[in-house]
Amino acid sequence: MSSVRVRFAPSPTGYLHVGGARTALFNWLFARKTGGTFVLRIEDTDKERSTDAHTTVILEGLTWLGITWDEGPFFQGAYGDRHREDALRLLAEGKAYRCFCTKEELDAQREAAERQKSAFRYDRRCWRLTPGEVQQKVAAGLPFTVRFLVPDEEIAWEDAVHGRISFRGVDVDDFVILRSDGTAIYNLAVVSDDIAMGITHVIRGDDHVSNTPKQIALYRALGRPTPVFAHVPMILGADGKKLSKRHGATAVGDYQDQGIFPAAMRNFLALLGWSPGGDREILPEDEMIRLFSLEAIQSKPAVFDVAKLEWMNGQYLSATPAAELLPAVRRQLDRLGVAPGTRDLAPIVDAAKARSRTILMLAEQVAVRLDAARIRYDEKAEALVRKLGPAFAANLRLAHDTLAPLADADWTAERLLEAVKAAAEAQGIKLGDAMQPIRVALTGSTVSEPVNELLAVVGRAESLARIAAAAERRAA
RNA sequence: GGCGCUAUCGUCUAGAGGCCUAGGACACAGCCCUCUCAAGGCUGGAACACGGGUUCGAAUCCCGUUAGCGCUACCA
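Heads up: the first sequence runs through residues 673 to 1148, numbered per my numbering.
Just so you know, these hints were derived from the structure itself, not from any lab.
The structure displayed is predicted, hence computed values, not measured ones.
Be a bit skeptical, because a hint or two may be false.
Listed next, the in silico SDA-like pairs over lysine to any residue satisfying Cα-Cα at most 20 Å (straight line) [claimed, not checked]:
#1 705 / 873
#2 809 / 764
#3 775 / 814
#4 705 / 956
#5 789 / 778
#6 719 / 685
#7 972 / 837
#8 1025 / 987
#9 1052 / 1105
#10 914 / 974
#11 972 / 906
#12 775 / 720
#13 914 / 975
#14 705 / 1072
#15 705 / 943
#16 1093 / 1072
#17 1025 / 929
#18 913 / 979
Please build the complete structure, drawing on both the sequences and the hints.
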């Protein structure tokens, strides 16, 4: 095991977002690549918004994706004492100071700054308080926060994905590290924990780059070496804005529900902002690990394209034998309220597989073949009915008369094809005009596997019943 | 407003100064296959944001402009 230690540190204030999942994936890939350790830390210091339910969902999402952690989950809330000690040490060393400004006063200052169209920067008025004044206010029981005194020096780092990024100390506000209730604020808690957990590489979203100078300043004040930082680009919606709820499905669980394979999701997410170089698209896990590097991560944000995800899932779907798909298909059928009973689903799944991109789409096709009550004529089916007119019902009656005499033993794809072809030829009907009505009668759709295979899959009695019912209904 | 990041087909990207007449994938269109659709095969349209440098030579390096995004809490 190498000395590399990375962490994924979600806050349990929402579901596992695809952006978070990708950040976790990059951390995991890097850990596996380097033989390092992947630590999971739940940042639950915002007690207002954190819930156990969210923590559970996040853990389940990671597990589903096959992202396994070596240590944790640790809960940041458990380390409050250490955070406070670090803050107090900084205070004692004069690297931080008590701030007695109230929220209202601060808000007023911010507004004033905005009116003058100038940047708000805390003016350090409390830092200029004399020791006597501070003593007095503390004695009077006035509440205070602890602010970090940001040194007026350049703060720069060599980002593993962006290269050199630098800030001037004067542009970094004296940020609060300890709330008036004595609990630590994010930036301090993160640094304190990353130090305690020996984190060597901080791989996180681009939205944290402006936190990084603050955290580096903290590392320096605490006398600790800084880890390597790697800021991975944001994931955007189709409109170019940061991906959020209003873009539709953004939670990993949404895709799980739609029947996306974990492997496909992982593959897709990995290629969003990272490329192994060359033309590789479908990457097995071991290849992904072998080829991964922080430097190859793209520095610009990427748009989340569901169509490509579904295409990729289709690739995994067609590569998976029907037998392996069965449990997942049964789960989806259950969600759809269809009970397959003792039916052997393998042949049906095999037939529907090629026309599906997700397990959900697959299950919907299976459901129609199993349960006539699920037949709904779609637009193209209706259009066909209109186009054929009386021929629709007539051709169905012909099909029924042709197929009904077939014994169960002869109800095979080969025999069925022969029978329909012979009948159509005898009556001078185009094969398509004979086949399509059957397809529509059986599925309500103009799209399916070859009709003879469809008939075989649906079965003799059920097929004849559906054909008769459709002929009847359209004739009336 | 300030600070920071970013800029190759509609989208994901390849490209680390000559291999670029810019490659692949998704999506789209057409053709083939075919009872339909999908798959598969073939074909097509589609991009280096703009302006200056540096260089014999720039998608690649530098500067500027423009645009987009992020952050700007006693949230994380």
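To see whether the hints hold, each was checked on the structure:
| no. | hint | result |
| --- | --- | --- |
| 1 | 705 / 873 | holds, 13 Å |
| 2 | 809 / 764 | holds, 17 Å |
| 3 | 775 / 814 | holds, 13 Å |
| 4 | 705 / 956 | holds, 14 Å |
| 5 | 789 / 778 | holds, 16 Å |
| 6 | 719 / 685 | holds, 9 Å |
| 7 | 972 / 837 | holds, 15 Å |
| 8 | 1025 / 987 | holds, 11 Å |
| 9 | 1052 / 1105 | holds, 14 Å |
| 10 | 914 / 974 | holds, 10 Å |
| 11 | 972 / 906 | holds, 8 Å |
| 12 | 775 / 720 | holds, 18 Å |
| 13 | 914 / 975 | holds, 9 Å |
| 14 | 705 / 1072 | violated, 62 Å |
| 15 | 705 / 943 | holds, 16 Å |
| 16 | 1093 / 1072 | holds, 13 Å |
| 17 | 1025 / 929 | holds, 18 Å |
| 18 | 913 / 979 | holds, 18 Å |
The structure does not agree with numbered hint 14 stated previously, though it agrees with all others.
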